[in-house]
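*Asks:* Listed below, chain by chain, are the residues.
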Amino acid sequence: MTLLLQNICKSFNGKEIFKDFNIQFTEGIITCILGPSGCGKTTLLNLIGGILQPDSGQCSGFTDRKFSYIFQEPRLLPWKTVRGNIEFVLPEELASTERKEKADELIRRVNLCEFADYYPGQLSGGMKQRVSIARAFASSSDIILMDEPLNGLDFSLKQNMLKWFSQIWQADRRTVIFVTHDIDETLAIGNEVYVFSHAPVKVVSHHVIDSSSTSQLKNEIMKNL
Amino acid sequence: MKTSFTKKQRYFTLVSVVILIVIWKLLSLYYHSDFILPSPEKTVWTAINLICTKDFLEVVGITILRGLTGFFIAGIAGVALGIWAGNKPGFYAFISPLIVVIRSTPVIAITLLALIWFTPDYLPVFIGLLTMFPLVFTNVYDGMKSIDSSLVEMAKFYKVSDKRIIKEIYIPAITPFIISGISNAVGIGWRAIIIGEVLGQPKYGIGTQMQNAQTFLKVDVLIAWTFVVIILSYLFELLVRWVESKLVTWKS
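So the sequences go chain by chain: A and B.
Everything in the first sequence is counted per the numbering used here, starting at 1 for the first residue and increasing by one.
Everything in the second sequence is counted per the numbering used here, starting at 1 for the first residue and increasing by one.
Hints are computed from structural coordinates only; laboratory data are not their basis.
Just to be clear, a hint being listed does not mean it is correct.
To be verified - Calculated pairs, DSSO-like style, for lysine-lysine (alpha carbon to alpha carbon, straight line, at most 27 Å):
no., chain 1, residue 1, chain 2, residue 2
1, B, 163, A, 66
2, A, 66, B, 156
3, A, 100, B, 163
4, A, 100, B, 203
5, B, 167, A, 66
6, B, 163, A, 128
7, A, 80, B, 163
8, B, 54, B, 203
9, A, 158, A, 19
10, A, 128, B, 246
11, A, 128, B, 156
12, B, 145, A, 100
13, B, 156, A, 80
14, A, 128, B, 203
15, A, 80, B, 145
16, B, 167, A, 102
17, A, 80, B, 167
18, A, 80, B, 159
19, A, 102, B, 163
20, B, 203, A, 102
21, A, 19, A, 80
22, B, 167, A, 128
23, B, 246, B, 163
Said to hold, decoys possible - Label pairs and their computed distance ranges (CB to CB):
no., chain 1, residue 1, chain 2, residue 2, range
24, A, 101, B, 149, 30 to 36 Å
25, B, 80, A, 153, 38 to 44 Å
26, B, 103, A, 27, 56 to 62 Å
What the hints assert, rightly or not - Sample of chain A residues facing chain B (criterion: CB under 7 Å; computed from the structure):
no., residue
27, 69
28, 75
29, 78
30, 79
31, 89
32, 119
Bear in mind that the values here come from a model prediction, so they are computed numbers and not experimental data.
A virtual CB, placed ideally from N, CA and C, is assigned to each residue, including glycine.
Construct all of the structure, not just a fragment, from the sequences and the given hints.
*Replies:* In structure tokens:
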């Protein structure tokens, strides 16, 4: 099934963010959305996730889909342990042993086994974001929406996080829509990229990312940004 | 207030207590009258005798019962209305004049009115209730305001049910506030209940005993009862802190 947004219009306080906007996502890959800050990337995720409704136009292929999110800040519950935070998003119907198993599996994948019983206050920023990645993959969602989750992390931590993310994703291959303003992040993990303009948003260009020609692609995207 | 003293600090605390007792002893020697200030050792002896009397448990028990009654009503009302006010700005606007009036009315004014309205047995409960309620309410309301809306948003994104959002986000987030409200309320509530007993003169009660001791100039008995109140208040404070350490494990 294709994931399609057609003729979307959305404005806030009279400011048009989207006007007759169209975009299409391929399932099972990581699609990056690259654009200047404030151009409406977060709004797009909220429209996709059904948190916001468009003023007109339609989103098809998204109904009855489950989403998980990786936000800019980890948004962990301070009173729950790493395991508790991951279990929090698992369906209530699951038996407690199943929840624990599922959570522990993801904790293992982000290499936080020793920290499963730690509270977020006892973890570093990078570890917290890893928990938030684990939480997104633990949830039985169809689509993962990411809203600049690596913002504010330093260079080496960012590289580290991208590595964790790709590693888990390889084993899972869920549809990911990754919003960012960083070309290097895009080229590091994306399969496809849409470059957005300032609001009202237009798709400036659409590229398939091929690992053999990233520097050439980088120049091309830079021209469009 | 969380206090865990180092060894050195404990030493200073001990020195402070010893100095206070020495000053007390010197003053009692200077006045040389049990009607003004009995000596520390005589007071301790009186306190021991007091604890051994057969009425002691009954007197203390009834005062504690009054305290707990007022405290439970204030606690339940404060928590429930605080949560409601935190959720509904309209309700907060509606209830704040009442809270401001209760909080700004002097305890003695409430007591004088209550002397007219209530029988001596219920008067201390009423006064305790009115002093404790605004404290619990205000703390819970502040707790509700402090809830991180991005966490609630996260839970909604992940389609977590409202029931679990209340149970696993709202309640844990406001628990430290509820406990600090209760801790303040217990400290102030005790004093209010004793004042109520002194002025209302119910048949049993620590306040009644204090008033009797004062009437007959038994200063040692008055001070001994005061110590009983201080110790009770301290024990309740410890109890609240213990409950906090069991409930709020994630903060340490």
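*Asks:* Give a verdict on every hint.
*Replies:* Tested hints:
1. 163/B - 66/A: holds (20 Å)
2. 66/A - 156/B: Holds, because 12 Å separates the two Cα atoms, which is no more than 27 Å.
3. 100/A - 163/B: holds (21 Å)
4. 100/A - 203/B: Answer violated: residue 100/A to residue 203/B is near 58 Å, above 27 Å.
5. 167/B - 66/A: Measuring from Cα to Cα gives roughly 23 Å; hence the hint holds.
6. 163/B - 128/A: holds (26 Å)
7. 80/A - 163/B: Given pair residue 80/A, residue 163/B holds - Cα atoms ~17 Å apart, limit 27 Å.
8. 54/B - 203/B: holds (15 Å)
9. 158/A - 19/A: violated (34 Å)
10. 128/A - 246/B: Holds: residue 128/A and residue 246/B sit about 25 Å apart, inside 27 Å.
11. 128/A - 156/B: Status holds; Cα separation ~20 Å.
12. 145/B - 100/A: This hinted pair is violated, its Cα atoms lying about 32 Å apart.
13. 156/B - 80/A: This hinted pair holds, its Cα atoms lying about 17 Å apart.
14. 128/A - 203/B: The hint is violated at about 60 Å.
15. 80/A - 145/B: holds (20 Å)
16. 167/B - 102/A: holds (22 Å)
17. 80/A - 167/B: Distance ~12 Å between residue 80/A and residue 167/B Cα, so the pair holds.
18. 80/A - 159/B: Satisfied, since the Cα-Cα distance of roughly 18 Å is no more than 27 Å.
19. 102/A - 163/B: Roughly 23 Å separates the two Cα atoms, so the pair holds.
20. 203/B - 102/A: violated (63 Å)
21. 19/A - 80/A: Answer violated: residue 19/A to residue 80/A is near 42 Å, above 27 Å.
22. 167/B - 128/A: holds (23 Å)
23. 246/B - 163/B: holds (23 Å)
24. 101/A - 149/B: 30 to 36 Å: Holds, since residue 101/A and residue 149/B (Cβ atoms, about 32 Å apart) stay within the stated range.
25. 80/B - 153/A: 38 to 44 Å: holds (42 Å)
26. 103/B - 27/A: 56 to 62 Å: Hint holds: Cβ distance 59 Å, inside 56 to 62 Å.
27. 69: The hint holds - residue 69/A has a Cβ within 7 Å of chain B, the shortest such distance being about 5 Å.
28. 75: holds (4 Å)
29. 78: holds (6 Å)
30. 79: holds (4 Å)
31. 89: The hint holds - residue 89/A has a Cβ within 7 Å of chain B, the shortest such distance being about 4 Å.
32. 119: Holds - the Cβ of residue 119/A comes within 7 Å of chain B, reaching about 4 Å at its closest.
Comparing the model with each numbered hint stated earlier shows that hints 4, 9, 12, 14, 20, 21 do not hold.
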